[in-house]
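Heads up: the sequence lines are chains A and B, in that order. What the first sequence shows, in this note's numbering, is residues 783 to 1003, in sequence order. What the second sequence shows, in this note's numbering, is residues 783 to 1003, in sequence order.
These are calculated hints, taken from the structure and not from any lab test. Any given hint could be a false lead.
Identical chains blur together in the list; that is why a pair holds if it fits in one copy or across any two.
[Stated by the list, open to error] As a list, the in silico DSSO-like pairs of lysine-lysine whose alpha-carbon atoms are at most 30 Å apart:
id	residue 1	residue 2
1	K973	K910
2	K944	K813
3	K946	K870
4	K870	K992
5	K826	K852
6	K946	K992
7	K946	K996
8	K813	K996
Just so it is clear, the structure is predicted and the values come from calculations on it, not from any experiment.
There are 2 protein chains.
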Amino acid sequence: DLKTALAGGEKALVDILAATHAGMTTDEFEKTVSDWIATAKHPKTGKPYTSMIYQPMLELLAYLRANGFKTYIVSGGGIEFMRPWAEKTYGIPPEQVVGSTGGLKYEVLADGTPVIVKTKELVLNDDKAGKPVGIQRHIGRRPIAAFGNSDGDFQMLEWTTKGKGARFGLIVHHTDAEREFAYDRESHIGKLAQGLDEAPKRGWTVVNMKDDWKTIFPAEK
Amino acid sequence: DLKTALAGGEKALVDILAATHAGMTTDEFEKTVSDWIATAKHPKTGKPYTSMIYQPMLELLAYLRANGFKTYIVSGGGIEFMRPWAEKTYGIPPEQVVGSTGGLKYEVLADGTPVIVKTKELVLNDDKAGKPVGIQRHIGRRPIAAFGNSDGDFQMLEWTTKGKGARFGLIVHHTDAEREFAYDRESHIGKLAQGLDEAPKRGWTVVNMKDDWKTIFPAEK
C-alpha cells in the first residue's frame, strides 16, 4: 500500500525495506541495487536517478576535497542501498557512506563459502536524531560542515554547528517547481519546516534553489 | 569480580564496560579515556599501554599506506575506547576504527547544548563472527588483507581470504614469554587454537613472535 507507506514518512519506508530484504546476502543485495540503478528511470523526468543529482553539490564536494576535507554522505536511505553507486556518482567510497542500517549476520555455507546475510532488525534509523548517532558511530568526530535539505537533517546541522570553532550549516530549499520540485512544510517526504524557521537564528545558510542555482542538474554525458 | 569477569572472556568484559559507562556523553568518555591512557602503566612491564605496541605492526601499517592501502583497526575493544589514541599511536584516524559498539542517543540539554549519550545497549560485539559484520557496516567492502592474533579474528581472516583475487591473512602467535608473553590454546583472553589448527590449509601466514620478530616494541622516545 504505497499511499499508506508514504503517509508514514521515511520511517515506514525504512521498516518496509528492512523487512523485505531480510535473508538476502550483502553480495546479492549489492547486485540487485546495481542492476536496478543501471536501468531505473524517474517516473516524472524519465531520467536515470544517478542523473538527478545536483551540479552545485558535485562542485561543492570537489571543492571540499581539493581543500583537504573528507566528504561523507549521511542519508536516511539504506547504507547498503547507496554504497553501490555513491562512488561513481558522488566520488564517495563505500566507507564514507552513512545511512539507515539493518542487521547483518555472518554465516558459512555448507561448502565453506562465507556470506553476510541481512536480517530484519533495524540497527539505526539514520534520520533526525539518528543522524548525529550515525555520524558518531561511523566517523567518530564532529563534522566541520553539514548540508541538508529537510528536517531529517535538523539534528545533524545542530550537532555540527554547535561544535567549537568555525562550523558551517546549509539547507537547500526546494523552491523550483519548473526545473526540479517545490516542496517544504507540507510534504510527507523531505518535509522542511523547523529548519526554515530556525535557520536565521542558528546562522545556517538557506539556499533558494530557484533563485540561487544557475544550473541544477549536471550536463548530459 | 575480576576473576569471574576474565573467566567469561572478552564478551563478559564488553558487557561490563557497556553497563558501567551508560549515561556518559561521548565527549566525557573521550576525556576519561584520554586522561587514563596518558598516565596508566601496564602492571607487569610498568610501561604506558601506548608503548606496548608492536614495531613490526607499525612498519606494516606504514608500508601498506605507502602503497595506497587504507588501514583500519578492527578490534574486540570498544570503538570509543580506541579512537582517542589510535591516531597518535597507529596513525589510524577515528573513522577507521571498528570496534565493539554501544548504543548512542542524541539529546539536547536545557541550555541548548547537544550531546551524544552512551546507553547500555550493545549494538555490536566486534569479535569472532561480529568482525565481518563490523567490517561490512563500517567499511562496506571486503578487505584485501587481514592480520590477527586470536580466534576472535578467525572469521575476519576467513571473510577476507575467501574473497576473489589476491588476499592475505596473517596470525601473530604470541610465543615470546621473555620479551612479551606466551599464550595460545588455554588463555581466556586472546585464545588462539582454531587459527593455529587451520592456518596451513587456509594459506594463512603464522608469525612466531619469538623467532620471527627481531624487535618487538618501538624504541623509547
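Each hint tested on the structure:
no.: 1; hint: K973 - K910; verdict: within (11 Å within a copy, 42 Å between copies)
no.: 2; hint: K944 - K813; verdict: between (40 Å within a copy, 19 Å between copies)
no.: 3; hint: K946 - K870; verdict: between (34 Å within a copy, 22 Å between copies)
no.: 4; hint: K870 - K992; verdict: within (27 Å within a copy, 46 Å between copies)
no.: 5; hint: K826 - K852; verdict: neither (34 Å within a copy, 41 Å between copies)
no.: 6; hint: K946 - K992; verdict: neither (33 Å within a copy, 48 Å between copies)
no.: 7; hint: K946 - K996; verdict: neither (33 Å within a copy, 46 Å between copies)
no.: 8; hint: K813 - K996; verdict: neither (36 Å within a copy, 46 Å between copies)
The structure does not agree with the numbered hints 5, 6, 7, 8 stated previously, though it agrees with the rest.
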